[in-house]
Amino acid sequence: MNNHEALMPLVAEIVDIRVDTPDVKTFTVLTPDGKKPFDHMPGQCAMVSAPGVGEAMFSITSSPTDTEKMEFSIKRCGGFTEYLHGVDVGQQITVRGPYGRPFPVDTEFKGKNLLFIAGGIGLAPLRSVINYCRDKKDDYGKIDIVYGSRSKDDLVDYAEILNEWCSDKNVNVHLTIDREQEGWDGHVGFVPNYVSELGFDTNRIGIICGPPIMIKFTLGNLTKLGFEKTQIYTTMELRMKCGIGKCGRCNIGSKYVCKDGPVFRFDELDELPDEY
Amino acid sequence: MYKIKISDLPALFDKLSEKYDVFLPVDFDNGAKYKKYEKGDVLSEKLNTVKSPKDFFFPQTEDMMRFKTEGKKIDVIDIREPKDDFIVFGVTECDVKSFEVLDNVFLSEPADTYYAEKRAHGVLISRACSKPSETCFCKTYGIDPSEPSGDISTWKADGTLYLRPNTDKGEAVISVISGILTEADDDEVNKEKEKINKILDRLPLKNLTTEGFGAGKTAELFDRPEWAGLSQSCLGCGTCTFVCPTCQCYDIRDFKTNDGVIRYRCWDSCMYSEFTKMSAGQPRLTQKERFRQRFMHKLVYYPENNGGLYSCVGCGRCLQSCPISMNIVKVMKALGGKNE
Amino acid sequence: MQQRIGVFVCHCGTNIAATVDVSAVAAALGREPGVVFARDYQYMCSQAGQDMIKDAIKEYKLTGIVVCSCSPRMHEATFRKTAAAAGINPYMVEIANIREQCSWIHKDKDEGTEKAIILGRAAIAKVCLNVPLTAGEIPVTKRALVIGGGIAGIQTALDIADAGFEVDIVEKKPTIGGKMAQLDKTFPTLDCAACILTPKMVDAGQNEKIHIYSYSEVVSVGGFVGNFTVQIKKKARYVDETKCTGCGLCTEKCPVKNVPNEFNLGMDTRHAVYIPFAQAVPKVATIDPNYCLMLKNGKCGLCSKLCGAGAINYKQEDEIIENKYGAIVAATGYNPISMDKFDEFAYSQSKDVITSLEFERLMNAAGPTGGVLLRPSDNEHPKTIVFVQCVGSRCSADAGKGKEYCSKICCMYTAKHAMLTREKYPDTDVYVFYIDVRTPGKNFDEFYRRAAEQYGVHYIKGMVGKVSPEGKKLKVRGSDLIADKQLHIDADLVVLAAAIEPDKTARPLATMLTASMDTNDFFTEAHPKLRPVESPTAGVFLSGCCQGPKDIPETVAQAGAAASKVIGLLCHDKLTANPCVAHSDEWMCNGCSSCENVCPYHAITYVEKEFRMPDRTTKIRRVASVNPAVCQGCGACTVACPSGAMDLFGFSGKQISAEVDAICR
Amino acid sequence: MQKISRFDIINRLKDLLADGNVDRVLGWKKGEFRYDVTPHVFTSAQELEADFVWGDFCGANFSKYLIKETAKSDKKVAVLLKPCDTYSFNQLLTEHRFDREKVYAVGVACDGMADIFKIKKITGDGISDIKENGEDLDVYTIYDEKPVKIKKTDVLSERCLSCKSKKHAAYDELLGGDGDVLDSNRFDEVAKIEAMTEEERYAFWQGELSRCIRCNACRDVCPACTCEKCVFDNPNSGMENKSPANEFEEKLFHIIRAFHVAGRCTDCGECSRVCPQRIPLHLLNRKFIKDINAFYGEYQAGEVVGSRAPLVDFDKEDVEPKNAVGKEDK
Amino acid sequence: MQVNEYKPLIVAFCCNWCSYAGADLAGNNRLNYPADVKIIRVPCSCRVNPAFVLRAYQRGADGVLICGCHPGDCHYTTGNYYTRRRMALLFSMLSYLGIEKERTRVEWISAAEGAKFAATMNEFVKTVTDLGKNRRLEDLRCKK
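Line by line, the protein sequences give chains U, H, C, D and E.
All residue numbers for the first sequence refer to the numbering used here, where the first residue is 1 and numbers rise by one.
All residue numbers for the second sequence refer to the numbering used here, where the first residue is 1 and numbers rise by one.
All residue numbers for the third sequence refer to the numbering used here, where the first residue is 1 and numbers rise by one.
All residue numbers for the fourth sequence refer to the numbering used here, where the first residue is 1 and numbers rise by one.
All residue numbers for the fifth sequence refer to the numbering used here, where the first residue is 1 and numbers rise by one.
I should point out that these hints are in silico values taken from the structure, not numbers from a laboratory.
The C-beta atom is built at its ideal place from N, Cα and C for all residues, glycine as well.
Possibly wrong hints are sitting among the right ones.
Unchecked claim - Computed cross-link-like contacts, DSS-like style, restricted to lysine-lysine with a CA-CA straight-line distance of at most 30 Å:
{"#": "1", "chain 1": "D", "residue 1": "LYS327", "chain 2": "C", "residue 2": "LYS654"}
{"#": "2", "chain 1": "C", "residue 1": "LYS654", "chain 2": "H", "residue 2": "LYS72"}
{"#": "3", "chain 1": "H", "residue 1": "LYS333", "chain 2": "D", "residue 2": "LYS121"}
{"#": "4", "chain 1": "D", "residue 1": "LYS72", "chain 2": "H", "residue 2": "LYS333"}
{"#": "5", "chain 1": "C", "residue 1": "LYS654", "chain 2": "D", "residue 2": "LYS229"}
{"#": "6", "chain 1": "E", "residue 1": "LYS116", "chain 2": "H", "residue 2": "LYS256"}
{"#": "7", "chain 1": "C", "residue 1": "LYS324", "chain 2": "D", "residue 2": "LYS316"}
{"#": "8", "chain 1": "D", "residue 1": "LYS327", "chain 2": "E", "residue 2": "LYS133"}
{"#": "9", "chain 1": "D", "residue 1": "LYS3", "chain 2": "H", "residue 2": "LYS131"}
{"#": "10", "chain 1": "H", "residue 1": "LYS191", "chain 2": "D", "residue 2": "LYS146"}
{"#": "11", "chain 1": "E", "residue 1": "LYS133", "chain 2": "C", "residue 2": "LYS550"}
{"#": "12", "chain 1": "E", "residue 1": "LYS101", "chain 2": "D", "residue 2": "LYS192"}
{"#": "13", "chain 1": "H", "residue 1": "LYS277", "chain 2": "C", "residue 2": "LYS324"}
{"#": "14", "chain 1": "H", "residue 1": "LYS35", "chain 2": "D", "residue 2": "LYS192"}
{"#": "15", "chain 1": "H", "residue 1": "LYS206", "chain 2": "D", "residue 2": "LYS131"}
{"#": "16", "chain 1": "C", "residue 1": "LYS185", "chain 2": "H", "residue 2": "LYS73"}
{"#": "17", "chain 1": "H", "residue 1": "LYS217", "chain 2": "D", "residue 2": "LYS121"}
{"#": "18", "chain 1": "D", "residue 1": "LYS3", "chain 2": "D", "residue 2": "LYS118"}
{"#": "19", "chain 1": "D", "residue 1": "LYS102", "chain 2": "D", "residue 2": "LYS121"}
{"#": "20", "chain 1": "H", "residue 1": "LYS256", "chain 2": "D", "residue 2": "LYS229"}
{"#": "21", "chain 1": "C", "residue 1": "LYS234", "chain 2": "D", "residue 2": "LYS316"}
As the list claims (entries may be wrong) - Beta-carbon label-pair distances, calculated as ranges:
{"#": "22", "chain 1": "E", "residue 1": "GLU102", "chain 2": "D", "residue 2": "SER307", "range": "30 to 36 Å"}
{"#": "23", "chain 1": "D", "residue 1": "GLY207", "chain 2": "U", "residue 2": "PRO211", "range": "39 to 45 Å"}
{"#": "24", "chain 1": "H", "residue 1": "GLU109", "chain 2": "C", "residue 2": "PRO614", "range": "50 to 56 Å"}
{"#": "25", "chain 1": "U", "residue 1": "ASP16", "chain 2": "C", "residue 2": "THR576", "range": "40 to 46 Å"}
{"#": "26", "chain 1": "C", "residue 1": "MET613", "chain 2": "D", "residue 2": "LYS131", "range": "45 to 51 Å"}
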């Protein structure tokens with residue numbers, strides 16, 4: 001937590017808007033004096049708000065290693081996100097955070113091979129970790145990224161994936177799309193099946209993010225490959241309001257997603273009542 | 001230990017209100033309610049105020065900040081004014097203990113500065129419960145109403161109010177009024193404690209226990225069939241949560257004024273169907289799940305995170321207020337270990 | 001969706017700019033959230049102004065526009081078309097009325113400017129919440145109804161029929177023809193009214209496309225433009241129209257002879273079975289049930305025995321006919337006002353004080369005197385006649401009687417009457433008392449001057465104060481304002497130019513048509529200048545004196561204009577519906593029927609529908625459903641609905657609330 | 001003392017269950033103390049024997065539960081209805097809120113319900129038992145061996161003091177006989193407030209409504225508040241609001257709520273009964289009822305199924321607002 | 001210091017067919033009335049939800065007018081009859097709660113009554129000015 005009131009937001013300015021897919025835009029934000037609003041760890045979130053419009057929790061998608069700026073990739077799905085998708089560069093918003101438990105990049109992940117599995121907008125929360133690990137490649141083993149979307153046009157961060165990730169030596173990117181498409185010569189098929197086809201060994205940590213149904217089947221397929229739930233992580237984003245584990249909205253069992261999450265290991269999730 | 005004649009209480013309140021904002025329970029036609037002391041106000045004999053004193057520290061509605069926008073620019077304005085010291089007088093022990101519950105939430109890192117500031121400035125003067133109600137069950141949670149805590153403890157006995165400071169804040173208050181207090185020994189107070197303890201033994205809910213609840217009981221309790229029957233008549237209103245001294249769920253909302261936007265927070269209730277609703281769906285679909293959440297939180301989830309402390313203090317307000325008379329006691333009796 | 005709003009502030013020449021600092025308004029509104037473009041301009045409604053709007057929409061990718069200008073009742077449609085032409089939805093347009101409701105009523109420029117900004121702000125707040133609306137289509141019944149069979153109605157019907165559409169005339173009297181049939185000559189040409197009217201009546205009667213419901217009334221009107229459902233009560237005339245040949249035998253032989261003849265304004269009598277006049281259309285007898293012996297007490301039956309065609313049917317009953325129409329024309333005409341309140345002219349005291357319309361009948365060859373001018377009291381030739389103009393017209397509002405307006409036709413017909421009298425009876429002295437003589441019209445003033453100068457009619461500027469019958473004479477006391485003296489005239493006949501007023505049936509009809517009326521019960525136009533023959537209610541048109549006093553050529557012209565509007569409407573197979581209609585959020589509807597109860601158009605029905613609930617079960621729920629073609633968008637249901645499930649496109653709760661907020665900011 | 005005994009009711013209900021006419025009964029369940037009775041769905045004779053109560057604290061109106069209950073199964077549910085409850089029952093039927101065919105309505109005669117708050121005002125806290133003793137209530141407390149004798153009429157709840165009807169507006173069968181529609185004095189309180197000066201009225205309501213904690217108990221218990229989603233919970237209504245942030249919002253909620261139920265409120269009095277702050281909310285609804293009666297002729301919501309509520313009706317000769325306000329008595 | 005004369009804020013809901021047209025006619029005839037009156041166009045007076053009236057007060061209005069066609073002349077036949085009932089009850093309730101009853105009003109003004117429109121506004125502004133600022137139904141958060 002930065003030296004700041006937990007609930008008092010900072011003013012930030014949208015300095016760049018990148019159109020990723022027809023319904024995903026990536027916003028770069030800085031404080032009005034041109035600085036990164038605050039530091040964070042991969043997997044942490046921030047509350048982004050436009051006064052009078054709404055406030056919502058989003059994963060910070062830029063890597064902590066990027067000390068210049070902060071980025072959010074946001075999918076348009078009504079309400080506040082609708083607003084954000086309509087603004088121009090120069091629009092100020094407010095941000096507060098960082099919130100939540102990050103991925104254990106400096107503990108459990110250290111020295112391990114990493115397998116990132118994402119579907120659709122699910123790549124956004126993982127991008128921060130991926131880039132963090134890429135930037136500190138000496139601390140980690142091999143990195144595999146399985147990423148799929150409905151179509152080529154729905155792949156988030158496509159340029160970055162092609163230009164940066166794919167050119168990294170210790171990174172293996174496996175892209176797939178749901179259906180055949182003109183101009184696509186890569187893999188076609190759903191992510192969970194692709195994971196099985198690729199047949200990873202269990203000498204790695206799995207990190208999954210995507211639609212619930214994708215997570216469910218991927219988890220199953222990883223288990224079939226011999227993975228334990230203790231070596232698979234995910235991140236959830238739901239109904240958070242205060243961000244600091246007090247307002248009660250994101251409470252599931254004895255956990256608060258905003259404080260105890262959003263990153264959970266699957267064995268931890270098993271302990272929770274099925275209310276998410 | 002100090003004492004003052006009950007008949008001299010007005011002088012005490014007058015003196016205190018020179019330095020502090022003093023709030024005390026005063027009888028109204030429709031029940032006791034905390035009120036800022038004004039000359040002539042008389043301390044209520046009622047045990048429970050309808051609304052608990054949590055309102056002083058975690059108000060039902062609290063403006064947090066103001067935003068001004070011009071074009072694309074936003075200005076965030078902290079609208080909090082410096083808080084003066086204030087006294088909440090006559091807090092029963094269950095209500096005092098409710099602050100332990102709230103503190104665990106609001107003061108744990110990162111601290112809620114809105115709450116923290118009020119706690120820093122608020123002085124709790126407790127009182128022993130000489131006349132508990134049939135709805136009282138603080139004993140269940142190990143709370144002793146004859147031995148109240150807070151910054152200052154008070155007992156009423158034989159036309160006299162006995163005061164004992166417990167903290168520095170309490171001492172500071174005593175020093176303001178020391179001129180009208182006299183030193184006293186513990187005898188009368190001990191007698192009063194004994195008297196209270198005898199009464200406690202006659203309370204109808206004296207045998208209620210927390211057996212079967214507490215940390216680690218989620219799996220055991222979550223899918224119990226009794227939930228359906230217990231929750232079937234629940235109206236889904238927020239009465240129990242709003243009268244509860246330990247409930248702390250809140251909502252953050254924006255209000256567009258003629259001059260910018262005010263962001264405020266207000267009490268919310270896990271009993272409301274809207275509470276967990278979001279664009280992606282509603283994880284607690286029926287009143288059964290919402291009802292269960294409230295009691296599981298009080299009796300299992302909260303203790304799990306807070307060293308076994310329950311998020312209920314047995315004040316009995318929900319027993320008195322629930323429109324359909326469903327309450328935590330009925331839940332504990334239906335699901336608990338040794339209750340009946 | 002974040003809106004991109006353009007604001008266009010119109011100077012309207014100096015109409016707005018004189019009391020509103022338009023550039024300050026544009027500047028202030030330009031700072032409002034959502035506004036990306038704001039400009040002021042001389043005339044927004046001009047081609048150049050509209051082009052400016054179109055260009056801005058394209059250049060700034062506007063999603064909605066606000067025009068601060070005259071009333072939306074003037075140019076909302078114009079700017080909607082402009083918006084549509086530039087590729088945005090026409091319903092993404094809002095008008096801030098800064099002329100009629102701001103610049104024209106305020107004198108202080110600061111005040112006007114401030115108010116204009118606030119009105120603009122409200123419009124911006126509203127347009128930010130506008131949603132694109134698509135108008136639905138409604139079929140058009142290709143048949144028109146004309147209510148009233150006077151010259152206005154006849155001409156309208158003939159013109160509509162001429163264009164090939166079916167048209168029905170409903171006339172409450174047994175024959176069409178109206179007031180014009182009662183006139184003698186017409187000004188300023190002095191041609192015979194009957195000679196020019198009756199051929200049209202015959203045309204109407206014989207036209208295959210025209211159906212005349214004579215002796216009938218409209219009793220209810222439902223539906224809406226293109227789809228009216230009208231109930232017509234055909235009153236029992238006790239004569240089978242299809243059998244009656246109009247031979248007139250019954251009307252001659254009927255033993256009841258003393259019925260006041262309304263066609264001659266009661267100045268002679270008719271029989272209980274009658275044909276109003278020789279050229280009546282339809283030429284069918286009618287039995288007056290108030291006088292017919294057979295109908296009153298079952299004794300007589302003579303007409304039935306006489307009728308070779310067997311057309312008499314004493315058992316006939318009123319009949320309700322229901323028809324569908326695409327358009328309705330009101331042509332309900334006028335009547336002279338009652339003279340009851342004008343005792344000073346002794347109308348009720350002397351038979352020789354008559355109204356101008358009665359004078360028409362006295363001069364008419366088919367009238368009670370066979371066209372010979374005779375005093376009603378003693379059938380003598382009047383030697384001195386006094387015409388009094390403006391009886392009941394141009395009265396002050398606090399006079400407690402009469403009308404404030406000018407009846408428009410009196411000056412001319414009085415000149416006509418005076419001239420004709422002097423021509424036929426040069427020995428008769430004719431005086432005309434007038435306040436002003438108003439003769440704007442082709443050949444009107446020439447006509448009046450001929451009366452005064454060539455025919456020696458004495459025009460006296462002044463009012464008649466009192467008429468008192470004394471013996472066989474009528475003492476007329478008046479003032480001559482030019483000579484500044486009191487006049488006493490011993491007259492034989494006094495003719496009052498009674499003011500004209502809308503027919504009494506117009507008011508209830510207006511209610512049925514949901515058409516609005518002014519305080520004088522004249523129908524109001526959709527726009528007094530630009531849409532003079534349309535009522536504000538879509539599909540209802542106005543023809544003749546029901547809209548305001550007018551003479552025959554004006555009436556015929558308006559009749560043609562109304563007909564052309566009707567034709568224009570009926571030409572369409574489908575109409576574009578008003579998209580500002582109610583809609584119900586089925587998830588929120590609880591099926592209580594409140595909305596259904598208040599809907600004046602029966603546009604809301606309840607349906608049982610299957611819903612997939614959040615817990616994946618299905619549930620049958622009873623929910624309201626709005627028929628957008630029938631809904632007229634009043635909004636009654638939106639307030640009746642306690643759960644807020646009903647809302648109105650174009651005037652949603654959020655939009656109105658936003659306007660309130662903006663105004664109160 | 002109620003006219004009909006718990007015993008008689010249970011026997012009849014057991015018969016109904018045994019006959020298979022109904023498979024469950026909506027009735028009152030006993031609580032920890034005498035007075036904390038809970039609405040409950042009983043499914044067996046044993047359950048009825050064990051937990052069913054009938055007495056002076058069975059205030060809850062079950063009509064609204066029928067919406068949820070009838071949707072659960074195709075079998076009939078038996079419901080116990082006091083005379084005042086039957087008006088709500090009819091009003092809900094008028095608004096098509098449940099299927100009459102799925103309900104077996106058992107009317108029970110009612111002698112008025114006691115108000116525990118009034119009892120406690122006399123006895124203080126610490127009630128251990130309350131026994132019905134003829135026209136009296138014997139109230140035992142933990143502080144005294146001997147009971148405090150209270151005349152039931154002294155502690156009758158406010159709504160029962162001005163009971164509008166002992167006659168059931170709807171039932172399939174009656175237990176304990178039927179009564180009459182009463183010439184009640186229920187508008188006296190309203191008239192008293194009307195007679196105050198404007199300032200007094202303002203001060204009165206300001207005082208009452210300032211206590212509101214917006215717990216929504218009044219709304220959620222109200223048989224007329226059956227919206228799928230209340231406008232105050234709906235972000236799209238423009239009225240959404242959760243807390244009594246200030247004096248305005250306190251009033252807004254109660255004015256709009258009263259307006260939404262105007263002409264539909266049967267004056268069952270549940271709103272005031274459940275209010276934890278004991279705000280006399282029924283005086284708002286009753287004001288509308290009184291006005292409706294005065295302006296548009298006597299109307300009792302729920303008296304007849306299918307009657308048209310006054311606010312979705314009109315008369316061409318209706319009084320003008322400016323002639324109506326402040327002249328309710330005329 | 002300049003003494004600010006109290007200017008009330010009046011919100012007038014006018015039905016499109018009669019009263020709004022009446023207001024236009026008042027403008028056409030250059031009939032003055034104070035700029036304190038701000039008009040919101042609604043299709044029919046029956047579109048006016050009591051919530052709009054309360055909202056106006058919340059936001060700082062000092063008086064609210066609802067103007068419609070004369071009873072019997074409603075463009076939608078019956079809309080204003082419902083308005084009449086709803087507003088009679090609402091106003092009665094407001095008065096019952098001690099809110100000055102003169103602040104809120106229903107007026108029937110036809111399209112032809114431009115003069116009546118102006119006269120009504122003049123008179124109403126005076127009435128509200130005399131009453132002073134709306135204090136009993138204001139939301140302090142909305143104050144500047």
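Structure-based check of all given hints:
In summary, the hint linking D:LYS327 to C:LYS654 is not supported, as the alpha carbons are separated by about 34 Å, beyond the 30 Å threshold. At roughly 24 Å between alpha-carbon atoms, C:LYS654 and H:LYS72 fall within 30 Å of each other, so this suggested pair holds. Between H:LYS333 and D:LYS121 the alpha-carbon distance is near 29 Å, which keeps this suggested pair within the 30 Å criterion. At most 30 Å may separate the alpha-carbon atoms for a hinted pair to count; D:LYS72 and H:LYS333 meet this at roughly 27 Å.
Straight-line distance between C-alpha atoms of C:LYS654 and D:LYS229 comes to about 17 Å, which keeps the hinted pair within the 30 Å bound. At most 30 Å may separate the alpha-carbon atoms for a hinted pair to count; E:LYS116 and H:LYS256 exceed this at roughly 36 Å. Taking the CA atoms of C:LYS324 and D:LYS316, the gap is near 28 Å; set against the 30 Å cutoff, the hint holds. At roughly 25 Å between alpha-carbon atoms, D:LYS327 and E:LYS133 fall within 30 Å of each other, so this suggested pair holds.
For the proposed pair D:LYS3 and H:LYS131, the alpha carbon gap of about 36 Å is over 30 Å, so the pair is violated. The hinted pair formed by H:LYS191 and D:LYS146 meets the criterion: a straight-line CA distance of about 25 Å does not exceed 30 Å. This hinted pair does not check out: E:LYS133 and C:LYS550 have alpha carbons roughly 51 Å apart, beyond 30 Å. For the given pair, E:LYS101 sits about 18 Å from D:LYS192 by alpha-carbon distance, which is consistent with the 30 Å threshold.
For a cut-off of 30 Å, the pair hint linking H:LYS277 to C:LYS324 is broken: about 51 Å separates their Cα positions. Taken as a hint, the H:LYS35 and D:LYS192 pair is honoured in the structure, with Cα atoms around 28 Å apart against an allowance of 30 Å. With a C-alpha separation of about 22 Å, the suggested pair H:LYS206 and D:LYS131 falls inside the 30 Å cut-off, and the hint holds. A hinted pair counts as satisfied when its Cα atoms are at most 30 Å apart, and C:LYS185 with H:LYS73 does not qualify at roughly 79 Å.
Using a Cα cut-off of 30 Å, the hinted pair H:LYS217 and D:LYS121 is violated, with the two alpha carbons roughly 41 Å apart. Restraint check for D:LYS3 and D:LYS118: satisfied, since their Cα atoms lie roughly 22 Å apart, inside the 30 Å limit. Simply put, D:LYS102 and D:LYS121 have alpha-carbon atoms about 42 Å apart, too far for the 30 Å limit, and the pair is violated. Under the criterion of a C-alpha separation no larger than 30 Å, the hint pairing H:LYS256 with D:LYS229 is consistent with the structure, at around 23 Å.
The straight-line distance between the Cα atoms of C:LYS234 and D:LYS316 is roughly 28 Å, inside the 30 Å bound, and the hint therefore holds. Between E:GLU102 and D:SER307 the beta carbons are some 35 Å apart, a value that agrees with the proposed interval 30 to 36 Å. For the hinted restraint 39 to 45 Å between D:GLY207 and U:PRO211, the CB-CB distance of approximately 54 Å leaves it violated. As the Cβ distance of H:GLU109 to C:PRO614 is approximately 36 Å, the hint placing it in 50 to 56 Å is violated.
One distance hint, 40 to 46 Å for the beta-carbon pair U:ASP16 and C:THR576, holds here, with the actual separation near 45 Å. Against the hinted window of 45 to 51 Å, the Cβ-Cβ separation of C:MET613 and D:LYS131 comes to about 47 Å, which satisfies the hint.
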